[in-house]
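Sequence lines, in order, name chains B and W.
This note's numbering applies: residue 1 is where the first sequence begins, and numbers increase by one.
This note's numbering applies: residue 1 is where the second sequence begins, and numbers increase by one.
A hint or two may mislead.
As the list claims (entries may be wrong) - Using 35 Å as the maximum straight-line C-alpha spacing, the simulated DSBU-like pairs for lysine-lysine come out as follows: (1) 443/B x 229/W; (2) 512/B x 136/W; (3) 229/W x 512/B; (4) 229/B x 345/W; (5) 345/B x 229/W; (6) 443/W x 136/B; (7) 512/W x 443/B; (8) 512/W x 136/B; (9) 443/W x 116/B; (10) 443/B x 345/B; (11) 443/W x 229/B.
Rather than coming from a laboratory, the hints here were simulated on the basis of the structure.
Each chain, letter by letter, is given below.
There are 2 protein chains.
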Amino acid sequence: MSQIQGHNYIGGQRSAEGDKVLHSVNASSGEILAQPFHEATPDEIDRAALAAQSAYPVYRSLSGERRAQFLDAVADELDALGDDFIAEVSRETALPAGRIQGERARTSGQMRLFAKVLRRGDYLGVRIDHALPERKPLPRPDLRQYRIGVGPVAVFGASNFPLAFSTAGGDTAAALAAGCPVVFKAHSGHLFTAERVADAVIRAAERTAMPAGVFNMIYGDWVGERLVKHPAIQAVGFTGSLRGGRALCDMAAARPQPIPVFAEMSSINPLILLPTALAVRGRAIATELAASVVLGAGQFCTNPGLVLGVKSAELTAFVEQLAAIFGEEPAQTLLNPGGLAHYSKGVERLRAHPGVEHLAGHPHSGRQAQPQLFKADVQLLLDADEVVQEEVFGPTTLLVEVADQAQLLQVLNSLHGQLTATLIAEPADFSAFAELTPLLEQKVGRILVNGYPTGVEVCEAMVHGGPYPATSDARGTSVGTRAIDRFLRPVCFQNYPEALLPEVLHEANPWKVPRLVDGEWQA
Amino acid sequence: MSQIQGHNYIGGQRSAEGDKVLHSVNASSGEILAQPFHEATPDEIDRAALAAQSAYPVYRSLSGERRAQFLDAVADELDALGDDFIAEVSRETALPAGRIQGERARTSGQMRLFAKVLRRGDYLGVRIDHALPERKPLPRPDLRQYRIGVGPVAVFGASNFPLAFSTAGGDTAAALAAGCPVVFKAHSGHLFTAERVADAVIRAAERTAMPAGVFNMIYGDWVGERLVKHPAIQAVGFTGSLRGGRALCDMAAARPQPIPVFAEMSSINPLILLPTALAVRGRAIATELAASVVLGAGQFCTNPGLVLGVKSAELTAFVEQLAAIFGEEPAQTLLNPGGLAHYSKGVERLRAHPGVEHLAGHPHSGRQAQPQLFKADVQLLLDADEVVQEEVFGPTTLLVEVADQAQLLQVLNSLHGQLTATLIAEPADFSAFAELTPLLEQKVGRILVNGYPTGVEVCEAMVHGGPYPATSDARGTSVGTRAIDRFLRPVCFQNYPEALLPEVLHEANPWKVPRLVDGEWQA
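Model the full structure from these sequences, guided by the hints.
Structure, rendered in structure tokens:
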């Protein structure tokens, strides 16, 4: 087992120059754990950014195969962490061992999937236009394009996936795959976990002879601003709250050199119950929906926070069933006391809202979150009321009854951007509500039929993104292999002698990558 | 010949509700032309944005083939404009007829190239991960991804390419190809040209039955801010000054919903003269370089504004030759009086700078720009002096002598981001200066060998982009087919019945597009 030091990771070394320390908390008992974690000083933040900058020229120039070996090694190191690691994550997050094991498999699988992308080479986007020396009125020179990493990336992970969206999570994997060294701000909600995972990444980097500084991690609640403003940082990946994400976006945009930020922030993930489905299998839907809302204590970006149905006897019966199920749901321990405080405030806001009715759920008490079911007047959505569009992070959802199909469309049109939308439907519903798909496409990053949005598959086709405020840039995704695009930029070589070109652009295609040559794809 | 009306283009109609008018100017004589062009009122700006928003759901859902027909029709309409059109553009811009004809061919060719991309279908980025119902521990649902246009795009064109970077220029072509309706702010430097081109676009839209509002154009010097802040606008394309581009970026970032801006702004395009090349063919290089600097009166984003050479007798001889050529270069008429004023100020700033020496060029007088050659002390670049890194838009360049190879690297490291860098080199130089290519890759969007950056080929492999301040987002390009990426976002469908899916995602691949299926490319 590793020795926890609580020191920052800078350029392959450990550093603890600051006096301020953070402590982790036993999420179940609330006990403050003794181990100090040293907040990075301003100088340490700068050194971490500069270490990443030093690593960049070497790291970005490595072959895809070499970077793939590094990612595979990270995956192996993660998988090799012992039971004590699982116990440690569980202690900090109150997540059960099975969930942590599953999340670890997802996290190492994500690294291996990006390794596969690196070996496939399509992310390089190689394009070749051969010279046309005889063309009139002017000859065309030889032009060749590929994509390189944008530079060092600052990554801010989320509390709710201490592995998959944290230290060695999706943003880190995408940035490292793209050839961008990373400076990771350790999440204060799981400091032991962060250190164990950072150790695994560093072991992998050393084992595969990566440049020192390819991965850095700093501790501290207030280190983010200086990091994002550091001139060496060229892009930011963030998963967290709307307020936090927007603040980083604003800082990045106001830099002397603005940099891109991909922030995954706030989504209430509307779920639309269509009439035939409700009539045919309303009871089953109530059971499944409740399970999705309380899964992982509702601490998912894709938690279904808004349920829409068309007024009918079936809907009324469904709501009664759902309320009965919610009334029986046990309280759950959240990831940390801060999360519980936020959840309680969110629930209080809904309870206090004159247009919102409380349907089920026990009053808040003690250290656990009580699942809650609310119902809101449709007019609140039509009036763009902020309370009902705000994400409440925890096991709660809000039902809204619409008068008819026309009002359903009106309501969907009035929604903010979302990560997901879900249709619960039978074939008869699909034809009757065919206009929903094109409308939802404009609102969300992923549309599901007869599923629940809380499972986010790590694959080529996934989109975990969507229009603001779901993310800061709807052109990106933070899950799935397209996530790498956020951290790549194209470079073109004109009339370049082959010996000087990056190897991947050589005529013989030595890396065997897909290429667009004179306007045609060659596999 | 069209009748010039000077009315705004809103949703397929003309509108002139405002009292304020603009006038175009005969660029050669300075005569103010009588035709009034009505500035859009705030209400007209809003209506233009809303017209684009109304067109969006229909336009984005058209097949690639249908949008390709529209772009081809625009190209045909541009090519069909008569000699009176060429004369009109020439009158407003002082550009010679041959240049305008060439630029028109480039502009219509650009439309046709994007039509080809639409027919190829790779821009859709189709990815399919089939369901794995038997997978343990959890089954995988069917997931399918493609990309759709982000929504209405506001486009701001440049003065220096009244066709290729203006009304129906590269940003408009890329946005329309992506499925994004456009609101174009007519450039005040060529109002007649703008109207004639807008007419051509509208004729093409009507002929191919595009939705009204697919293309809108508004006049006015102060309409940009309201347009960029309008909630219907989802992205911005801009070509122009650093000050103007940065202002738009800041506005877009400060919106309640921030939107992406691709602004192509400021670049001095360093050209590096390597020793053997200078020794072997210094005189020829001097002639070619001078021709590139004064081409089109130096009014190109890729004008070589900084020439670097290593101190030597050959460099001294080269500088003398170059100075002699510059001394003979005739004055040229710029695109507009504003451009001349800016150029004169830029030249004055260099003349007044204590570290800058004036080598050749006649004093400014009258209505034309005099080509100028300057030499600056290398220390100014090392000190990041702003004057020598600032683009002077016109026929001028700045020579800098470095002491040796090490100082050359130091200077290049200190430069801001650029659109291009150029190496003038012989094989012996390539091996002696091999470290230049990886270094320049990190600084620029395009690197040339033994060419001049002023020609920007419209093709698949071109990058007309680069790190800030060359552009606001190094991940984009505004020339070449990759420009479409700026205006596309991915959407994912999970467990979707085929009948409800967009046709391009159907299993049989009816559009015959390249697809990534279960991790493998199918052509």
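Outcome of the hint check:
{"no.": "1", "hint": "443/B x 229/W", "verdict": "holds, 19 Å"}
{"no.": "2", "hint": "512/B x 136/W", "verdict": "holds, 33 Å"}
{"no.": "3", "hint": "229/W x 512/B", "verdict": "violated, 46 Å"}
{"no.": "4", "hint": "229/B x 345/W", "verdict": "holds, 33 Å"}
{"no.": "5", "hint": "345/B x 229/W", "verdict": "holds, 33 Å"}
{"no.": "6", "hint": "443/W x 136/B", "verdict": "holds, 32 Å"}
{"no.": "7", "hint": "512/W x 443/B", "verdict": "holds, 27 Å"}
{"no.": "8", "hint": "512/W x 136/B", "verdict": "holds, 33 Å"}
{"no.": "9", "hint": "443/W x 116/B", "verdict": "holds, 29 Å"}
{"no.": "10", "hint": "443/B x 345/B", "verdict": "holds, 27 Å"}
{"no.": "11", "hint": "443/W x 229/B", "verdict": "holds, 19 Å"}
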